[in-house]
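First to last, the protein sequences are chains A and B. Just so we're aligned, residue 47 is where the first sequence starts under our numbering, counting upward by one. Just so we're aligned, residue 24 is where the second sequence starts under our numbering, counting upward by one.
Derived by calculation from the structure, the hints in this document are not laboratory data. Certain hints may be false.
Claimed, not checked - Label pairs and their calculated CB-CB ranges: (1) A:I159 with B:L30: 14 to 24 Å; (2) A:F136 with B:E140: 12 to 22 Å; (3) A:D88 with B:D92: 45 to 55 Å; (4) B:L159 with A:Q131: 27 to 37 Å.
To be verified - Computed footprint of chain A on chain B, listed as stretches where at least three residues anywhere in the stretch have a Cβ under 8 Å from a Cβ of chain A: (5) 33–40; (6) 73–79; (7) 85–95; (8) 144–155.
All residues carry an ideal CB built from backbone N, CA and C; glycine is no exception.
Below are the chains, spelled out letter by letter.
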Amino acid sequence: MDLNKLSLFGVLKGQLGWLGRRQEVLAQNIANSDTPNYKPSDLKAFNFQEMVKTQQMQQGRGLKTTSPMHFAGTRSQTSPFAEAQNTAPFETSPNGNAVVLEEQMAKLGETQIQHRLTTELYRKHINLIKTAIGKGR
Amino acid sequence: MAMDDLLRTLRISASGMKAQGTRLRVISENVANANSLPTQPGGLPYRRKVVTFQNQLDQATGVNMVRVDRVKTDLSDFQQRYDPSHPASDANGYVLAPNVSTLVEMSDMREAQRSYEANLNVIKASKSMLQETIGLMR
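One chain only, chain A, in its complex shape:
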């Protein structure tokens, strides 16, 4: 039985990936909070169907091999989650930096809480399956 075929596991896995990626984007913003002319970016809201669609699209790309001697070619791994630069920031400092540290920290906390929620749901679902299996483990 493939656990990823259960829809809830698939969604939770996608959500965990999204949260990890978002954490990375926020860390970039915070690390560059004093870099001149830096504009913060954020991920677009998580949408499971869209993520599956882009992943399927990416699998079809790459070099075609018509002979076993051909190399498959390397393709830089792109994230399945779309990134968007904030074009209308709250404020821009005189050096052109538009990172508002408070906003970024709030988003960071949000990401952390969502991550906890997702891992907790994952655990509950596992327990559900364990119950279904029964005590003869």
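With chain A's structure known, arrange chain B on it following the hints.
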């Protein structure tokens, strides 16, 4: 996949902390030299240094790290201090003093400290998220 992202997060924040550390070092140089006067007439006192940041795309990981661009010197005018007894004083009794304002340096120091703390909090958050992910196996 998610683990990779979180581990890269740690590296990004570490680069931010390193940059703020360099900034703090330069600030301490400025403060320590706030009274470094010239030793002979016509000599120049200590010139204030400033740090500029630059974001740098790390080719190996494809993420925006931050690094110290260059430590430049502040080209503003020197202060003048009246002290005829000083060996470097000019004919009118004035001696050139560094263009360091301790107030500016202190507020700069606070800013560096805040940014450092923010990066540290990102590392803490990422660490707890990683631990939650690992905890799924238990």
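- Hint by hint, work out which the structure violates, then give me just those numbers in ascending order. Number 3 only.
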